[in-house]
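Each residue of the sequence shown is one higher than the last, beginning at 911 in this note's numbering.
Read the hints as simulated data drawn from the structure, not as lab findings.
Any given hint might turn out to be false.
DSS-like, lysine-lysine: derived pairs with alpha carbons at most 27 Å apart [as the list claims (entries may be wrong)]:
| id | residue 1 | residue 2 |
| --- | --- | --- |
| 1 | K1471 | K1511 |
| 2 | K1235 | K1245 |
| 3 | K1227 | K1213 |
| 4 | K1553 | K1541 |
| 5 | K1436 | K1415 |
| 6 | K1462 | K1436 |
| 7 | K1462 | K1545 |
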Amino acid sequence: MATEALRSQVGKKWQDAFARLNHGEPGISGLMTFSQAWALLTDFVRPKDLNDPAPPNEYNMELVKHAFDLVSQCRRLPVMLEAFLDDVRQYFYLIKRDVDQYMEQYEASLDPEIISALVYRLFKWFNAWLPIVDLGQTIRTAYTLNFQTQLFAILPPSFVSGFKAYCASTLPPFDPEVPQKTLSGEIWDIFEILGLLDRYESVIASVGYEHIETYVLSTCTGKWETAMLPELRNWMSHKIVPWMLMMYARGAATNDDAVAMLASVGSRFDFHMTKTLCDLRTQEIFDIIIDFPESSPALEDLKECLQRVDQRAALVKSLRKANHKRLLHPGADTKLILSQYVATIKCMRIIDPPGVLLFKVADPIRRYLRERPDTIRSIVANLVGDEDTGDSLVDDNEPPQPLHQVEIEDYSDPNWEPEPIDAGPNFRANKHTDVLGTLVSIYDSNDLFIKELQILLAQRLLAITDGNTEKVERERRNIEILKIRFGEAALQVCEVMLKDMTDSKRIDGHVQSQMASIVHPTIISKHFWPMLGSDEIIMPGQFQTYQEQYAKEFSTFKPDKRLRWLPHLGAVHLELLLEDRTLEVDVPPLEAAFIELFSEKNVWCMDELMTRVGPISKSAALKALLTWVDKGVLKEEGDGSFKLLEVAETVQPVDPSRLAVVEEQGPTVSPAQQHQAEQMRVYWKFIEGMLTNLTALPLERIQAMLHFAPGYDQTIEQLSTFMDAARREKLVDVREGLWRLTKS
């Protein structure tokens, strides 16, 4: 049971409440007055149906204000607010009915203007139910929150796409000839009042992002010859910023206020524009490199984008994937791969001057080129200025630098900077500032390049005819430049070869002064030139006479030396006098030897010709004879013999599959790998004996033991190349770094 004190306290509170409601009037007249005020006020704030054709009730605003004051004095305003909000929830079906009608129309037509009409209708509902200002800000704020909550609950899922479509329709069109839609700040204010801006902020931002992406892709794809970032930022400032002002800075009173309000969102939009361009250029990077240097502006854009957007790893991944798919495969020519690699070096220098990205991108290319047998020859051909190609791997404007410079960190340099954070552990050791240095560093040793350089120089010098001193001097200039790169000692053999060319011209001049001869040989030193083939062609008739006469006069001038002719490397200018025609041709010595024999008799069989000329293969003999058949000088008989045509006849053209003539690019000289392999074959018996006695050895142990062999001076890289060749011939096998003889 309640105590006396509790009953007294409850009774006192009841009396106070009654007195407050009754206003101290006699009886219950005060309660009746409060009841009338409550009924008037609740009817006044009760939601109305805008679709009801009946005119709305008219109220005496003085009575309404008096009733509100009375309810407020009686502390019953919270109760009345709760009742009002409950009425709003109950009558919200009226708004849902309108929403459903508008959304049905939108889903049928997908016209974003229907969404605009729906928003204006919702705002009309909101204003119709909004309590008057005199009722106080508290009730208006509570109503707004309640209205927004109820509204979000009835909006269908399709409203989001419709709202997004309407926002997109307010953006400026891409086509300058299409008039831009007039923007009104009123609807954006309505969006904010109804809470749509806060609720769909991400949707609105996505509209801006997608618009920027579409514009960047449509205007920048494939356009690499012009810097696009300035143009894009100009477009953003003139087209996107006004749209952003309507959405994010409507309340700005001054330009400074607008800039402050747009600082955050503007930075996000600029970042997205930069990222989109960066993604596009990352996808196009392989083609951009192909188009270099015309694509330099695109590389500058990409460099700036990477400074803003951290997508260096994505760029490396994209370029490595494109290289693997489009470049590093057997169908690509080695010269093409080298050209693309050099272009990659130059492009990566623009994008990332420290060279970290180049180091990561180049590794697969370098490993693939190392496995190609003609890589060294292609690089060396560019070093000496290969005339067959219009493009050069080495930039003439880039000053030559010695290879393998030792880089020492100067920590006292005030401009010293540490390695980039994403640099690998071997980054410093593999960094080269020179394109040629980067190419040569594909291999661990320069010896292969020096050997190939000697062979290629021999080919080019021996191909010079008529004593062309200008070409010899050009080769001399090339060697002088290459001395800077490879050093004086490495190119001493090349110096001897060049000296032989000068001495050869001087000796030939002396011989010609003593005895005029149509023979003009190039006289070279036996021990300083690469191995030049060993075909022993015996030049018949007048050719042999001219050789003997020249050799006799040479021995008179140089008694301590004798000439050893290499006729298969020469070229012969012939004038053929036939009964009905005269032909002037330049042919290799074997073709000249064969046609000389036809001066003795008109019909020869191929075996007789081969016996007279010397030990040559049937394929070489057939090729030489078919050359004359193709020129209409000889005719092939059915019994395998050939007949001289003193009078021209109609001869069937030679089948190309039989002729199989391949125009040679100068004298046939063994490539560096073959030359080196022939030297290493001398030591195969030593290697075979080691592996027979010791079963299995690592490459380093084989190299160490070979140093005991007389005259062995090969590097471990050269030994590795030879062992790989032996493995391909199935002479040896390697497992876990140990080499073994293959079991027969």
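Hints, one by one, checked against the model:
1. K1471 / K1511: Given that 27 Å is the threshold and the Cα spacing comes to 37 Å, the pair is violated.
2. K1235 / K1245: holds (17 Å)
3. K1227 / K1213: holds (16 Å)
4. K1553 / K1541: holds (13 Å)
5. K1436 / K1415: holds (17 Å)
6. K1462 / K1436: holds (19 Å)
7. K1462 / K1545: violated (38 Å)
Checked against the numbered hints above, the structure violates hints 1, 7; every other hint is satisfied.
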